[in-house]
Structures are given as structure tokens and as C-alpha cells.
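J.: For chain A, the structure is supplied; the task is to place chain B on it using the hints.
Each chain, written out:
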Amino acid sequence: MATMDLPQPDINETSRPYWDALREGRLLVQRCACGHTWLPARRHCPACLSPEVSWQAASGRGRLLSWVVYHQAYHPAFESRLPYHVALVQLAEGPRLLTNLTDPNEALVADAPVELDVQWEGDLALARFRLSTQP
Amino acid sequence: MNLSGRHVIAGIGHTAFGRLPGSDTVSLNVEACRHALADAGVDKSLVDAVFVKVPTSAHQFMYGQKVAEALGITPRIGGCWDQGGAANITLLSFAIMAIEAGQCDVALVCYADNPRSGNRAVYGRARGDDAAYGWFSTAAGYAMIQRRHMIEYGTRPQDLAAVAIASRQHGAGNPQAQLRAPLDLAGYLASPWLVDPIRRADCALVSDGGAALVVMSARRARELGVPMPVPVLGFGHGQTSYELPQRATLTATEAARAADTAFRMAGLKPRDIDVAQLYDCFTITVLMTLEDYGFCRKGEAGRFVADGAIEHGGRLPINTSGGLLSETGMPGLQLIIEGVRQMRGTARLQVSGARHCLVSNQGGTMHTHATLILGN
Chain A
1 MATMDLPQPD
11 INETSRPYWD
21 ALREGRLLVQ
31 RCACGHTWLP
41 ARRHCPACLS
51 PEVSWQAASG
61 RGRLLSWVVY
71 HQAYHPAFES
81 RLPYHVALVQ
91 LAEGPRLLTN
101 LTDPNEALVA
111 DAPVELDVQW
121 EGDLALARFR
131 LSTQP
Chain B
1001 MNLSGRHVIA
1011 GIGHTAFGRL
1021 PGSDTVSLNV
1031 EACRHALADA
1041 GVDKSLVDAV
1051 FVKVPTSAHQ
1061 FMYGQKVAEA
1071 LGITPRIGGC
1081 WDQGGAANIT
1091 LLSFAIMAIE
1101 AGQCDVALVC
1111 YADNPRSGNR
1121 AVYGRARGDD
1131 AAYGWFSTAA
1141 GYAMIQRRHM
1151 IEYGTRPQDL
1161 AAVAIASRQH
1171 GAGNPQAQLR
1181 APLDLAGYLA
1191 SPWLVDPIRR
1201 ADCALVSDGG
1211 AALVVMSARR
1221 ARELGVPMPV
1231 PVLGFGHGQT
1241 SYELPQRATL
1251 TATEAARAAD
1261 TAFRMAGLKP
1271 RDIDVAQLYD
1281 CFTITVLMTL
1291 EDYGFCRKGE
1301 AGRFVADGAI
1311 EHGGRLPINT
1321 SGGLLSETGM
1331 PGLQLIIEGV
1341 RQMRGTARLQ
1351 VSGARHCLVS
1361 NQGGTMHTHA
1371 TLILGN
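Protein chains in written order, with our numbering: chain A, 1 to 135; chain B, 1001 to 1376.
Just chain A, same shape as in the assembly (with noise of 0.2 Å):
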């Protein structure tokens, strides 16, 4: 399938950090000294709005909290991809994502732990997920 085809998200300045660490396989997550800790990236803290903000590495280690699988395509990228899924997962640093799971839409379990699992879409590294075999 022709991946260079999938919706591209906004890469600015404030986010590029985040996209940049996952072409070497990493998740990052933003940080304030206040202890708050978010996705997606912004210029100040959502919790105490202020401007000092880091990133920190995350582990990678999450639970799958819900999906939905797709029967329709809303974009032509994902035609062939049907039925696919989104899932929604919370990190065990805080923050939740949507993303997907690269195990087939039969496997989801409702809160089962799962653990990065980066994938290249054409030049897009993408922060997937597949199920831990860890708890």
C-alpha cells in the first residue's frame, strides 16, 4: 500500500522533539518541575502554564483502556486496511494515547498491559503499541 499517502501530522517546533525520538525508537513525554507530566506537546504546562517545560524519556509500558474498529474508510490511506482498529492507551508516566496495537482487532483485551512498538509509515515513525507478554 502506498503509506506516503497517510494524513501527516503537524510537526512545529514544539512538537518536533516528540516525532524526532521516535525515528530512534523512543517515547518521550513532556515534564514540568511541578511534577505534571503530558502529551501532546505544548509551550507551557496545562497544569501550572508555566514555560520551563522538558522532555523526559518514557518507558514505553502502557494499558489498553478501549478501541474502536473501523468498517468504513474516512481517509483513502486506509481503505485497504479494513477492519483496523484505533485504540486508546494510558502510559504509565500519566498521559494517554490514541494509537494503534499491532496485534489483529481479535486480540484486544480490555486493560491488558501493553508496550511500545514503533513503526515506519513511509517516513513517519508512528509510536504503535502490541500487547505485553509482561504484566
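Certain hints may be false.
[As the list claims (entries may be wrong)] Calculated cross-link-like contacts (lysine to any residue; reagent style SDA-like; alpha-carbon spacing at most 25 Å):
hint: 1; chain 1: B; residue 1: Lys1298; chain 2: A; residue 2: Arg63
hint: 2; chain 1: B; residue 1: Lys1298; chain 2: A; residue 2: Val109
hint: 3; chain 1: B; residue 1: Lys1269; chain 2: B; residue 2: Phe1304
If you're looking for bench data, these hints aren't it; they were derived computationally from the structure.
These numbers come from a predicted model, not from an experiment.
T.: Relative to the frame of chain A, chain B by itself:
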């Protein structure tokens, strides 16, 4: 100051619902306002405020001024709100607060859209950077919420079906309703996936149409001899994050905060409500609204809606004109209008002796919520 009962909905009006090819949203707003003014028996020259909900399918610059211009009104106050389906009760609330503050005297609240004959791309749109993972459409957000509700509380397909069946049954005899075919459990279960776990039968209609309210103080309505004013006893609102992953929980909605404010303002409890018009953009929305409004405990809405409890003749009839699942998918103003009819005693499926009607409005993917309590 408690504003409960100090203001009324003096008039209601709407256009035809369904597919209205060739219609434009400004004209639909004007037609609905014309009917609402006639219903109130109020001349247009008395209107000095116009509050408009943005057309979901066609955002436009300074849209409130376009509608006011077409109405031939130069408002003292008003504007155009973007808050999804919650905007209708919100606009009514702001109209009341503006009247109370002496900023205007008689207000029009209106909404129109034409996604059925026009452009419905907004419902299938990409959701930001997450589109790279395939995250599209309004229905998907609700599907994500619904699955979590099913995981945490064991909510079953037949629980969701009960909501669709009630709305469709109530709409079946409504000559204005866009979808009048009744639905049973087998029909619900045979309905195709929209985005699993949401079926097509769970999802609001896509509709053209317009609706409007005339709002004024109860005192002004007496002075003008408005024939059937319906008092606004309470209203409340709640709003949460834009993106779904930013919410601490998927299974609670802003309905709880909105209803708490509205019930306190009205001095009422859920047990005082005789009939309700609950925003049914998706069936899961109704179940979660029932829980967050306190009609049942969290996770027990499935049991609450069993055995016809929300059908006409049940202990809490909802969506007596068919709701978004049957009457029209127009987001929310038709629910207020049916609430007014119930309080006037003129509804087609009248709940006899009903004294209090609750109306919920909800916007986006449970981003915004507004609650309205009407009396008679």
C-alpha cells in the same frame, strides 16, 4: 439572585425536517424565527437580541450578523456560538441572563443547518495528528467511550437498543419525523457497524432544518399577552477537554455538573421530573446522561431503561417526539421545542399531568453539556 421562573419561552417554531434541497441555513433560520414569533404573537419590531448557533456543517464568519440582517433586526446584543449541540440551551441561558441584566428585552434563539442536502464532511473529519493512526469521525469518539462503558459496567447491546427503540417508537406517529420506521431488538442487532461498537441504529440522523425560540421575562410575556408562555426553572452547563485522551475518565460526562447547577437553580430533584428530552446523538449518550443526572446510579442505566421505562407510559418517558434518532438529527433545539409542548399540554404524545420537563443538550464528543428544566 435566583432567576428560576423569571423568564419564559414565549414562542417556538421550526421548519420542515429531513432533506430540504436548495435550502440555505440563513433562510431556514428566518423561516423558523418567523414561525416562533407568530407562535408567541410577538411582532418582530420588539426583538432586540439574536442568539444563533453556528451551522455545524458550514462554519461562517460573523454568521450571527448574517442571520440578524436577513431577519431585518439590528440587535443590541447577540452573536454566534460554537459549542456543538449544547449551544441551544447555552444560548437560551445567555439570552435570559442578558434580559435580566437589562441588556435586551426580547430575544430570538435559533439554529439551522443543511448537512443532508449540503456538505456532511464534518462528521467524518480527521481528528488532528491522530489521523495518522486512522482516527476519524464523530462516531469514533463515542464508540471509544461506549466500549469503555461496556467494559466497566457490563452495558449490553440490548441496553443501547432500548434507547433507539423508544425514540423510534415515539417518532413513528410524528408526521414531522424524518425516520418513522419503528425498530425492534432484532432490527437493532441487524443494524450494520458504523464504528464498532456503535451501530448505525445508535446514531443520530443527518438532517436539514431550522428551529427557533422567542425568549422574554415572565412579566413582559404577561404585558404582551403571550398565549402559552413556558417558564424556565433551571439551567446549567459543563465543559471538558477538546481531545478525548485528555480526559481523566471516559465514563462520566459533564452532564453531572450541568444538572447539579440546573436542579439547584430550580429547587428540584430528579424524582420531580415527569418527562425528559435527552440528547440522543448516540444511544450511549442517553444512558450516560441518565446516570450523571442521578436518575440511576453509575453503570445502572441499562437496567433503568429496561422494560419500557423510557417509553410513553413508562416511569420516565423520553424524547416524546422522536429525538435525534427519529424526528430530526438537528442538534438539540427540537428537544427544547418538544419540552415546551409537553409543558403546554399540547404534545402529540402528551405525558398527562406533567409538571416538569428536563431537556439535555450535548456538544461534540461529550465536550459540552447543558441542562434545562421547564415548568408549567
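J.: Hint by hint, where does the structure go against what was stated? Just the numbers, ascending.
T.: none
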